[in-house]
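The primary structure of each chain is shown beneath.
2 protein chains.
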Amino acid sequence: MQGLMQDFPLVVHRVLEHAARWHGQTPILSRSVEGPLHRTNYATLGRRARALASASERRLGLGLGTVIATMAWNTWRHLEVWYGVMGLGAIVHTLNPRLFESQLSYIINHAEDQWIFIDLSFVPLFEALQDSLPRVKGFVILTDEAHMPASTRLRNPVCYETLLADGDEAHAWPEFDENTACGLCYTSGTTGNPKGVLYSHRSNVLHGLMCSLGDAMALSSRDTVMPVVPMFHANAWSIAFSAPISGAALVMPGPRLDGASLYEMLELGKVSFAAAVPTVWLMLLRHLEQNTSLSLPHLKRVVIGGSACPEAIMRAFVEHHDTDVIHAWGMTEMSPIGSLAVMSRQAAELPPEKWWSLKLKQGRPPFMIDMKITDDDGNNLPHDGKTFGRLKVRGAAVARSYFKGEGQSAFEGDGWFDTGDVATIDDYGYMHITDRAKDVIKSGGEWISSIMIENAALGCEGVQEAAAIGLPHPKWDERPLLVVVRKPGAEITADAVRQHLVGQMAKWWLPDDIVFVDEIPHTATGKISKLDLRQRFRDYRFPGTGS
Amino acid sequence: MQGLMQDFPLVVHRVLEHAARWHGQTPILSRSVEGPLHRTNYATLGRRARALASASERRLGLGLGTVIATMAWNTWRHLEVWYGVMGLGAIVHTLNPRLFESQLSYIINHAEDQWIFIDLSFVPLFEALQDSLPRVKGFVILTDEAHMPASTRLRNPVCYETLLADGDEAHAWPEFDENTACGLCYTSGTTGNPKGVLYSHRSNVLHGLMCSLGDAMALSSRDTVMPVVPMFHANAWSIAFSAPISGAALVMPGPRLDGASLYEMLELGKVSFAAAVPTVWLMLLRHLEQNTSLSLPHLKRVVIGGSACPEAIMRAFVEHHDTDVIHAWGMTEMSPIGSLAVMSRQAAELPPEKWWSLKLKQGRPPFMIDMKITDDDGNNLPHDGKTFGRLKVRGAAVARSYFKGEGQSAFEGDGWFDTGDVATIDDYGYMHITDRAKDVIKSGGEWISSIMIENAALGCEGVQEAAAIGLPHPKWDERPLLVVVRKPGAEITADAVRQHLVGQMAKWWLPDDIVFVDEIPHTATGKISKLDLRQRFRDYRFPGTGS
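Chains S and W, in that order, are what the protein sequence lines are. Residue numbering for the first sequence follows my numbering, beginning at -9 and increasing consecutively. Residue numbering for the second sequence follows my numbering, beginning at -9 and increasing consecutively.
With the rest of the complex left out, here is chain S (with noise of 0.2 Å):
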């Protein structure tokens, strides 16, 4: 039997025609890449993406399934572009300005996107790249008539403001299932080509709704947010509907993302809520040492995510700035957030030590995620924090195939994704990330994380920078080789490196050899690249393990 109640679509459009009807004069501040400071609403906001939505249809041919793509920081405008876009029935690729041309050309012309939504400041970019990009049919520049480049290479170059200005601001938005495609965003594989995540409607809605609860950013209408996290970076971490969801005020930082740019916009907006990546908020707390007058009164609460926070960064804001630091874990194919270590319940009663070794961790999933750890067969592990095995996660949010139907395998047919990250979860529900799965040691049947003894090396004095990897053993299977990067000057030996390691871990862990290099290989994103350093030490034998 069926229930008998209203058709309630989870559609994005929904989001914004609920902010702009009941938090209409509720401010939108952003930094424009003009130049200038922007002020809007949602009330305002919701009438011109209803006009972005009705002129890009009829000018753009605009519709259902129809996939565009942005490179835009976040403004209203890129706001704009959102809701009107999504709510036609089309899609928002949006496209992340850091990756490698040969990487944006990939994409775009996998995603087939049909137009290109790009800020003043990537108009060069583009007519570079336009001619890799045969089935764009032209490009949209955020900006207005007076800021309009004077001329263009740009293949049918549209004014953003002119385009607005033809739309229908009373247009209505068409029906259609909330399991529509709305948004396209693709992870930047370390192997292989990027893979596209295809949102719904209904999938960033939930994801909205759950990133507002309590236990994850608690957010309200009394809020000031601001993501500096990139709309291109999966949703803003939600915020792009979650604050909407809450009514919260939004401050968006447009493309000064540095310290004192930063700080600006928080004074100016009051904000209470920020989210970034802590490479963004250690710009921020350098400023502030910089400029010892300066303090952070409005701001209550930051989210912390994107990679592993340092614990000095979480403990200058809490204990310099009285703003409390919400650690928090995502991926791409999770919209982003799957866990987030806010105090729950249990926490509350602990002492601030035990509770700051939890805090550190990346968290607890929230209602509408679930998640596990298993080991190489799929069986489930304790929950004690000290047993890690491959993390898995399934939720209202969290993808179930890649774009086109590339990358299979991290599907599995019982429902749970697995993430390619090593974890464990403690008896508090914390999960901690110890290593990625494809780097993990496996020595005789159990598992040791490179980055546990890595962390630990970087303790060491003389220790510029370290790196655990795997190696073939004869015996054991894989054993861990450590390889180090001496600080300029420093005459660090493997003996000190070793006692140094004694007593930080059990002592199968110990590495069976330390080697020193000059160089450490890394990835564009600047992350050590593992692959190159395995390749690297492939001739490499363990001393006594022969030939």
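Hints are not guaranteed to be accurate.
If chains are identical, the list can't say which one is meant, so a pair holds when it fits in one copy or spans any two.
Unchecked claim - Straight-line distance between alpha carbons at most 25 Å, and here's what the computed SDA-like set of lysine to any residue pairs gives:
#1 290 to 345
#2 465 to 163
#3 477 to 276
#4 260 to 28
#5 428 to 15
#6 517 to 484
#7 344 to 212
#8 362 to 212
#9 477 to 51
#10 517 to 427
#11 362 to 33
#12 376 to 283
#13 344 to 158
Quick caveat, the hints were computed from the structure, so don't treat them as lab data.
Since the structure of chain S is provided, determine the placement of chain W on it from the hints.
What follows is chain W alone, placed relative to chain S:
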């Protein structure tokens, strides 16, 4: 194009599984119907709900689409029955023990309930009633063997704990569509037979999410929530779902709702958040007044709804106990929450007394509810806080029809549900119920609120009770007649009442006549029966309008 996200049906047993898995040790404290306190947690509740599902499927024949009823107070067992039965795809029909026996028979037969799960206290009621319930197969008594009645005339009496002990705690939930019905609640209509509202899994999960949001109940795992409002009052205002969604601890007050008993549970459970109707809170406040050594150190917030809350109750909580009050409004047809007078961003900037004038209203709709006011022809009316019109709502947890297709007139073709209330909405978005649509007085095309005249009259010394009704008028269609009951011994005159009203309302709102009666008729639930009153004054003519 469809998104490529996992299939994650919004079914209520996923809520329980989340709480059992990630908030397993979080306590659920109940006052049992047998008397003693009972302590359990979400992990145990999850196991027992699965065991109940398994045993109910095998021994009672419950499955997809079966309707069963419960008549039970708020305890851990009632929660187990809800989740266990709903998780089978069967439907829980909650019975209000305060209904007349004839109404109970009607709705049990109308719903085609197959089994009735009852608290011990209701055994005599059903012994008397069962002969009028030929289709009910038997009764599950929510107790253990030790407390089972020594003998009972009940048809097929089953001991709940014995049934449950026969179940499998590892029972796997069946898969079904999220739009499957899971709950049935009848409205106690003032005219005609009660009508059933059939909730779906999806509507209950979305309603639970909505109510957890920051501008609704703002729940978190640090909260301890006491739903004083019974589970048979439309999902205990969502708390049966929103508390486990948020991982909040639960305190279930069982059958004793007097001030002393509630105070005991608030203190024992360290309740931080509670929900009840005004009369229940009044009993608690009286108990506190009579025992001045008592205080409410843990209680941070209460939700008050079910009927308009007198200002004195709200002030007592806020000013004497430092407990914030959230005035809420809803209907069984809305699952039931429609609006909450939570402080919005704009309201936070108002001076305290201006904020109080908003706080006393019924509040604002969270995301997934929309509302509007219209005139009789369906034209939208302005949100100016003055104009009042028919209040219409739509949303993810709003009914689109009554059970078995009855009472269609409230369900408009355009997707909006006509609440039958008349309301204003102010420019801060706060909705204020001013009357029932059938009681509003229509004078010369303009509307007069009967309730506002009554409230003004009640402030007049010597007036015990007052009712304003619209009666036919040859020139104005209708004009207000004010019917007054004097306080014992009072000698107030019609002129004195009229003088009291002047200045409190527009001149054209003043009643055309004021008459005194010994008694005003009431409905079974204690409200003024305007239907009876209009009937009694059927032959009345206003002074100067002839015959």
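Going down the list of hints, with the structure as the test:
1. 290 to 345: For residue 290 and residue 345, both the intra-copy (19 Å) and inter-copy (24 Å) Cα distances are at most 25 Å.
2. 465 to 163: neither (65 Å within a copy, 46 Å between copies)
3. 477 to 276: Within one copy, since 23 Å is at most 25 Å while 73 Å is not.
4. 260 to 28: Within one copy only: 15 Å inside a chain, 47 Å across chains, cut-off 25 Å.
5. 428 to 15: neither (50 Å within a copy, 34 Å between copies)
6. 517 to 484: Result: close within a single copy only, 24 Å intra versus 86 Å inter.
7. 344 to 212: between (31 Å within a copy, 18 Å between copies)
8. 362 to 212: Between copies, since 24 Å is at most 25 Å while 35 Å is not.
9. 477 to 51: neither (58 Å within a copy, 73 Å between copies)
10. 517 to 427: within (15 Å within a copy, 66 Å between copies)
11. 362 to 33: between (42 Å within a copy, 16 Å between copies)
12. 376 to 283: neither (44 Å within a copy, 49 Å between copies)
13. 344 to 158: Neither way: residue 344 and residue 158 sit 57 Å apart in one copy and 38 Å across, limit 25 Å.
Taken one by one, the earlier hints fail for this structure at numbers 2, 5, 9, 12 and 13, listed in ascending order.
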